[in-house]
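These protein sequence lines are chains A and B, in that order. Under the working numbering, the first residue of the first sequence is numbered 3, with each subsequent residue one higher. Under the working numbering, the first residue of the second sequence is numbered 3, with each subsequent residue one higher.
Derived by calculation from the structure, the hints in this document are not laboratory data. Don't take each hint at face value.
Just so you know, same-sequence chains aren't split out, so a pair can sit in one copy or run between any two.
What the hints assert, rightly or not - 20 Å max Cα-Cα, derived EDC-like pairs, lysine to aspartate or glutamate:
no., residue 1, residue 2
1, Lys217, Glu50
2, Lys238, Glu269
3, Lys394, Asp365
4, Lys352, Glu269
5, Lys182, Asp194
6, Lys141, Asp131
7, Lys154, Asp247
8, Lys34, Asp194
9, Lys357, Glu396
10, Lys147, Asp365
11, Lys285, Glu344
12, Lys394, Glu356
Protein chains: 2
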Amino acid sequence: MNKTGTLISVEEALNIVLSASADFGVEEVGFKQSTGRILKEDIRADREMPPFDRVSMDGIALKTAVFNQGKRSFPVENIQAAGRDQLTLGHEENCIEAMTGAMLPKGTDAVIPYELISIKDGVAHLEVDHVDVYQNVHKKGLDQKKEDLLIKRNTLISAAETGVLATVGKAVVKVAKLPKVAIVSTGDELVDVNDTPAPFQIRKSNVHTLDSLLKRFMIEPDLFHIPDQKEQLRHKIASLLEEYDVVMFSGAVSKGKFDYLPEILSELGVEKHFHRVRQRPGKPFWFGKKQHTTIFAFPGNPVSTFVSCLKYFVPWLRKGLELDVSNKDFAILAEDFSFKPELTYFLQVKLLNEKGILMAVPDAGNGSGDLANLAQNDAFLELPSDRNEFKKGEAFPILHYRF
Amino acid sequence: MNKTGTLISVEEALNIVLSASADFGVEEVGFKQSTGRILKEDIRADREMPPFDRVSMDGIALKTAVFNQGKRSFPVENIQAAGRDQLTLGHEENCIEAMTGAMLPKGTDAVIPYELISIKDGVAHLEVDHVDVYQNVHKKGLDQKKEDLLIKRNTLISAAETGVLATVGKAVVKVAKLPKVAIVSTGDELVDVNDTPAPFQIRKSNVHTLDSLLKRFMIEPDLFHIPDQKEQLRHKIASLLEEYDVVMFSGAVSKGKFDYLPEILSELGVEKHFHRVRQRPGKPFWFGKKQHTTIFAFPGNPVSTFVSCLKYFVPWLRKGLELDVSNKDFAILAEDFSFKPELTYFLQVKLLNEKGILMAVPDAGNGSGDLANLAQNDAFLELPSDRNEFKKGEAFPILHYRF
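Go ahead and model the full structure; you've got the sequences and the hints to work with.
Next up, the structure:
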């Protein structure tokens, strides 16, 4: 038996996590609250886009056939404003002033912008030699036909989608529900942010890092702290397993005397899918499931918790939302780097966009406890376990944490 | 005079917008509400990090000098738990079980993990040949000394920073205030999202696109609609100029008969800094200032409004927040593209990360009214005005709108 014992690889761990994905269901929200959510219906055009032959420059609308007969002066009959019913040209040798956004008046088929005409005593004089049919007219249905698919189900809603939703009148929209998540800290050395720690204590930070990260995915987790006492842990965890879709722990999964979590989870009927992964940081990661509840028990070190949440929870969430889970984000190593152990190494890097090429500058920090180093960097570069030397210029997947 | 007349270049326009930047001031928020905000104080270590010689593996703590004398069996005296005051080794030939996160017991200087020992009848037997001093001990102050700078003023707070804020006890944190923004639609052709438009009407969408975009920067804008009537416009805009730091318009800045905005803004004492920029889409962009209020009057076409907000408002906001305003985001054109007019062209593109190289695939759409095309893409590629031909493989700046 080699030193890594029963550890599984990062790839195996991720596959197991993904195969334990859940369906969160669908809910309806107001379209103004839908930014950042995942669309759960196809959005189709409710009518042609544009819905009418739409004037796209301010100017005069006329009939090109008359222009082509040599006429260059057109008496102005009327004004076609945006938001008004369509006018009809009374006499084909006249024109109608027409505003951007208005319907093209009946009997006309082109718009000449004000820049290219002069209007004197109610007559528009043209200073052009050529007019195209439908010039400066955004033709009805040019962009989209009625019932055309505008936004596909399973799209992440951004500002661009919000505008489309508004246009087609989707005031209420179907989006993926999000899992109900509990984030639990354990560890008697932890005190609250407001407290002054004794020399042997530290303030809770991992639960807040996780909370902040999950909020970027629109999840509003509930935070709990449970002391390192078996009975309290058992009792509280039992109720969390009932109430939540996800229970996320930070700490108490190593080999310590007070690392009760694996034992208690097992007693509570949680099926362990794996414990310990061939990676650094984050080796003691414990993952399991009980009925509808998924348990991510991350190691207690700050960097371990953070990288494991990015590497495992985020794809698990994406799978449940029916999004693509293959990581297509890569960056290029800016310096040679070596890492000896046969583990997948998550290297902290600063990202630089150099004229379209994403460079990753290593800044490893002092290991899994070095929280402050995270704040100096942008992402983890995932270096595979089957090699020790990583060369400048090679591309590797990244886990970006600034978005 | 060439056809572009008094238009200014995109570069000039951006410089003018940036020189009109404002200082939004500073406010205090709870650290849990600070994600996405800009930090307005330096964050320093309130004590050493780690604050004590911290056990980093579960196992036994012993004195290496005794190990080096050949001793391999150490009676276990006690257990040093995390969150408990520091124990002292009573007899140097003994050891103390020590848990991850605990203080290293006095009189010991290394930790041997459980994996490498066996404990029988209260005596730990070591299966190692060599022990380093401070092995598996995260030394006090190794990561940071007290008062070390952990996060610089003017950092965008992400999950990584949240953890650091928690660790150093910054329960309340100074962040940049955000401007109070009014988004105003005009245009009698516009109806609400809930309404069924008449054939000559369309639903309001630009204000919602802008609203969604600004929310990604933590701004909560107020939305207004004013009909195309001079008196109503004048009266309402006068009060918005008093109440808001930014008034953003969409529409009514072209040359149409009902494009009253430039005239009314001038009457209300707003100083025009420019009107019309050598760009497509978005040429009729009007920009001005009255005392503390900055006015962005974007053209009414959806794509024009969207790209102008990304290109001008976002850097203006960043400048006011004291962030870097130089655009370092580039992507590489995936296909040849040509664009004849002497205008800066904002080309819609899909972005692909191809092993660390950011490729921009053009998908121009049907012009500034083609809102649905935005939802098919990810960014605008900014193509300069001094050329007509843009070659596959060339890098250009991007304005990303999915983040």
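How the hints compare with the structure:
1. Proximity of Lys217 to Glu50 under the C-alpha cut-off of 20 Å is found in neither arrangement, the shortest distances being 38 Å within a copy and 30 Å between copies.
2. Proximity of Lys238 and Glu269 under a CA criterion of 20 Å is satisfied intra-copy only: 13 Å inside one chain copy versus 66 Å between copies.
3. In the homo-oligomer, the alpha carbons of Lys394 and Asp365 lie at most 20 Å apart inside one protomer (14 Å), although the nearest pairing across protomers, at 34 Å, exceeds that limit.
4. When the C-alpha separation of Lys352 and Glu269 is checked against a cutoff of 20 Å, the pair qualifies neither within a copy, at 43 Å, nor between copies, at 50 Å.
5. For the identical chains of this complex, Lys182 and Asp194 are neighbours neither inside a copy (23 Å) nor across copies (34 Å), given an alpha-carbon limit of 20 Å.
6. Within a single copy, Lys141 and Asp131 get their C-alpha atoms no closer than 23 Å, and across copies no closer than 83 Å, so neither meets the 20 Å cut-off.
7. Neither within a single protomer nor between protomers do Lys154 and Asp247 lie at most 20 Å apart by alpha-carbon distance, with minima of 27 Å and 37 Å respectively.
8. For a Cα distance limit of 20 Å, the shortest separation of Lys34 from Asp194 across copies, 13 Å, qualifies, whereas the shortest one inside one copy, 35 Å, does not.
9. Taking CA atoms no more than 20 Å apart as the test, Lys357 paired with Glu396 passes in both settings, with 17 Å inside one copy and 9 Å between copies.
10. Within a single copy, Lys147 and Asp365 get their C-alpha atoms only as close as 52 Å, which misses the 20 Å cut-off; across copies the closest is 18 Å, which meets it.
11. Taking CA atoms no more than 20 Å apart as the test, Lys285 paired with Glu344 passes inside one copy only; the shortest distance there is 12 Å, against 58 Å between copies.
12. In this homomeric assembly, Lys394 and Glu356 come within 20 Å of each other (Cα to Cα) both inside a single copy, at 15 Å, and across copies, at 17 Å.
Hints 1, 4, 5, 6, 7, counting from the list given before, are not met by this structure.
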